[in-house]
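S.K.: The chain contents come next:
There are 2 protein chains.
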Amino acid sequence: MSNPTAAILVIGDEILSGRTRDSNLHFLAQELARVGIDLAEARIVADRHDGIVEAVRALSAACDHVFTSGGIGPTHDDITADAVAEAMGVPLGVRADALAVLQAHYDRMGVEMNEARLRMARIPEGAALIENPVSAAPGFSVGNVHVMAGVPRIFEAMVAGLLPRITGGTPLLSQSYRILRGEGEIAGPLAGLAQEFPDLLMGSYPFQSGGAYGANIVIRGADGARVHEAMTRLAAIFPE
Amino acid sequence: MSNPTAAILVIGDEILSGRTRDSNLHFLAQELARVGIDLAEARIVADRHDGIVEAVRALSAACDHVFTSGGIGPTHDDITADAVAEAMGVPLGVRADALAVLQAHYDRMGVEMNEARLRMARIPEGAALIENPVSAAPGFSVGNVHVMAGVPRIFEAMVAGLLPRITGGTPLLSQSYRILRGEGEIAGPLAGLAQEFPDLLMGSYPFQSGGAYGANIVIRGADGARVHEAMTRLAAIFPE
Chain A
1 MSNPTAAILV IGDEILSGRT RDSNLHFLAQ ELARVGIDLA EARIVADRHD
51 GIVEAVRALS AACDHVFTSG GIGPTHDDIT ADAVAEAMGV PLGVRADALA
101 VLQAHYDRMG VEMNEARLRM ARIPEGAALI ENPVSAAPGF SVGNVHVMAG
151 VPRIFEAMVA GLLPRITGGT PLLSQSYRIL RGEGEIAGPL AGLAQEFPDL
201 LMGSYPFQSG GAYGANIVIR GADGARVHEA MTRLAAIFPE
Chain B
1 MSNPTAAILV IGDEILSGRT RDSNLHFLAQ ELARVGIDLA EARIVADRHD
51 GIVEAVRALS AACDHVFTSG GIGPTHDDIT ADAVAEAMGV PLGVRADALA
101 VLQAHYDRMG VEMNEARLRM ARIPEGAALI ENPVSAAPGF SVGNVHVMAG
151 VPRIFEAMVA GLLPRITGGT PLLSQSYRIL RGEGEIAGPL AGLAQEFPDL
201 LMGSYPFQSG GAYGANIVIR GADGARVHEA MTRLAAIFPE
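Chains as they are written, first to last, in the working numbering: chain A, 1 to 240; chain B, 1 to 240.
In case anyone wonders, no lab produced these hints; they're calculated from the structure.
We treat Cβ as the ideally placed atom computed from N, Cα and C, and that holds for glycine.
Be a bit skeptical, because a hint or two may be false.
To be verified - Non-contacting residues of chain A with respect to chain B, defined by C-beta distances greater than 10 angstroms in every case (computed):
1) P4
2) R57
3) R95
4) A96
5) D97
6) A98
7) R108
8) E156
9) V159
10) A160
11) V218
12) D223
13) A225
14) M231
15) T232
16) E240
As the list claims (entries may be wrong) - Derived CB-CB ranges, DEER-like:
17) A/R21 to B/A225: 27 to 37 angstroms
18) A/R48 to B/M113: 44 to 54 angstroms
19) B/H228 to A/L173: 54 to 64 angstroms
20) A/Q208 to B/E125: 26 to 36 angstroms
21) B/A225 to A/D97: 43 to 53 angstroms
22) B/A61 to A/G36: 29 to 39 angstroms
23) B/E240 to A/T170: 51 to 61 angstroms
24) B/E196 to A/T170: 50 to 60 angstroms
25) A/D199 to B/P189: 57 to 67 angstroms
26) A/R21 to B/Y177: 17 to 27 angstroms
27) A/S209 to B/D97: 28 to 38 angstroms
28) B/E131 to A/R165: 49 to 59 angstroms
Excised from the complex, chain A in its bound form:
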């Protein structure tokens, strides 16, 4: 498989403190699977400059794409743009195109531009804007790093605008099979099957239901015929 790889970097004290349960990571994981981009890693870091810089550098070097969530609003704890610009080694300043988008939005709303709102027009040099159809303040792509808002409704709208611009690969096809036996009985035959089908990914996800042990076996791969072949073999070993 040579699909493009990706990492997600969620930025925000509120997730790490347990105050907020993140939803952007799961949303983007599903979207990336749909377009054939393999999510290799996810990280959540606090609103601290050095930690964000370090994570952006590491993930940008390791993956084809990095998607960030959070920290691009007007308040003092919104420091993502500064950190990403430093990580990517490019200057950051108010940019005319971003300012025009914001000014038009505030004019429509009858709200005045001020220093805090102006912060949201600060975009790294050479970055492409990501449209924000909800509250105007844009995200941006600089190098292979795509910087988006943390508010889920805005994040999701930005992803919808961004993903068609990114070249995906072959989406993995997936089949799952529910087996009402303990994983300890399933493990041996499943390991044998995994060795016979090295081109497929096989995962076992145990559950307990009403005192009974069972597992959902998920088989994934780019070739649907192979997935079906392996699944047929598994069903023959563990008939319903």
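Got chain A sorted already, so can you dock chain B onto it with the hints?
M.R.: Showing chain B alone in chain A's frame:
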């Protein structure tokens, strides 16, 4: 603040593929906040040996505690114990105490021990077992790394047994205040307040509700009187 720091490492393809939405991270974030351990970072990695080893090493060096979730069952994709043992530089083998716990459980259930189930008795040398009151197979603590199951019900039970053994710090106290104005108006005064109270953490979490813009301002700190003082000032600047 000199509370102990922690990282969470969630291990599992099923989270990164978007198939499953993780809940252990949010659960543990809340539990750690309660006992005064500061969650500094979270990572989610795939079921790949090298990636797990690398993440365990990095997080174990950076934080006082690392909590892992997932990959300690009997199937071929359960490789966490091997990776953690390698990361911590200790041998891994079937241990008598873990085997006794498992054997007693299978005897009670009338199920036979087999090669797959025996895998769950493989514990790194010198590790302390973490009790699993749900399905017996234990987790373990080796050095500052605490290895637990991914199934939420088991993970939560293991955390409940483990946390009292770990020395926490001063839980941060938190107050929040809802302001029905755009963040662009709140940002200036809030930044001034944050500078006046450098011992406190102030976060702004915007929302939109029925077309109106607003933000929840969260102020956190170890000293409740200081949090109250800052919050009183904030409420005076933005009266309801």
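S.K.: Each of the hints needs a verdict: does it hold here or not?
M.R.: Do the hints match the structure? See the list:
1. P4: 14 angstroms, holds
2. R57: 13 angstroms, holds
3. R95: The claim holds: A/R95 sits with its nearest Cβ about 18 angstroms from chain B, beyond 10 angstroms.
4. A96: Fine: 19 angstroms to the nearest Cβ keeps A/A96 off the interface.
5. D97: 19 angstroms, holds
6. A98: At about 14 angstroms from chain B, A/A98 clears the 10 angstroms cut-off, so the statement holds.
7. R108: For A/R108, whose nearest Cβ neighbour in chain B is about 13 angstroms away, the distance exceeds 10 angstroms, so it holds.
8. E156: Nearest chain B Cβ is 13 angstroms from A/E156, so the label holds.
9. V159: 13 angstroms, holds
10. A160: 16 angstroms, holds
11. V218: Violated, since 7 angstroms does not exceed 10 angstroms.
12. D223: Non-interface label on A/D223 holds, nearest chain B Cβ at 17 angstroms vs cutoff 10 angstroms.
13. A225: 20 angstroms, holds
14. M231: Label holds. Min Cβ-Cβ 16 angstroms, cutoff 10 angstroms.
15. T232: 19 angstroms, holds
16. E240: Answer for A/E240: holds, closest chain B Cβ roughly 20 angstroms.
17. A/R21 to B/A225: 27 to 37 angstroms: Given a distance of about 30 angstroms, which is inside 27 to 37 angstroms, the answer is holds.
18. A/R48 to B/M113: 44 to 54 angstroms: 48 angstroms, holds
19. B/H228 to A/L173: 54 to 64 angstroms: 56 angstroms, holds
20. A/Q208 to B/E125: 26 to 36 angstroms: Since A/Q208 and B/E125 have Cβ atoms about 31 angstroms apart, the given range 26 to 36 angstroms holds.
21. B/A225 to A/D97: 43 to 53 angstroms: Between B/A225 and A/D97, where Cβ atoms are some 47 angstroms apart, the hint holds.
22. B/A61 to A/G36: 29 to 39 angstroms: Because 35 angstroms falls inside the window, the suggested range holds.
23. B/E240 to A/T170: 51 to 61 angstroms: 55 angstroms, holds
24. B/E196 to A/T170: 50 to 60 angstroms: 55 angstroms, holds
25. A/D199 to B/P189: 57 to 67 angstroms: Hint holds: Cβ distance 59 angstroms, inside 57 to 67 angstroms.
26. A/R21 to B/Y177: 17 to 27 angstroms: 21 angstroms, holds
27. A/S209 to B/D97: 28 to 38 angstroms: 30 angstroms, holds
28. B/E131 to A/R165: 49 to 59 angstroms: 50 angstroms, holds
Hint 11 from the list above is the single one not met by this structure.
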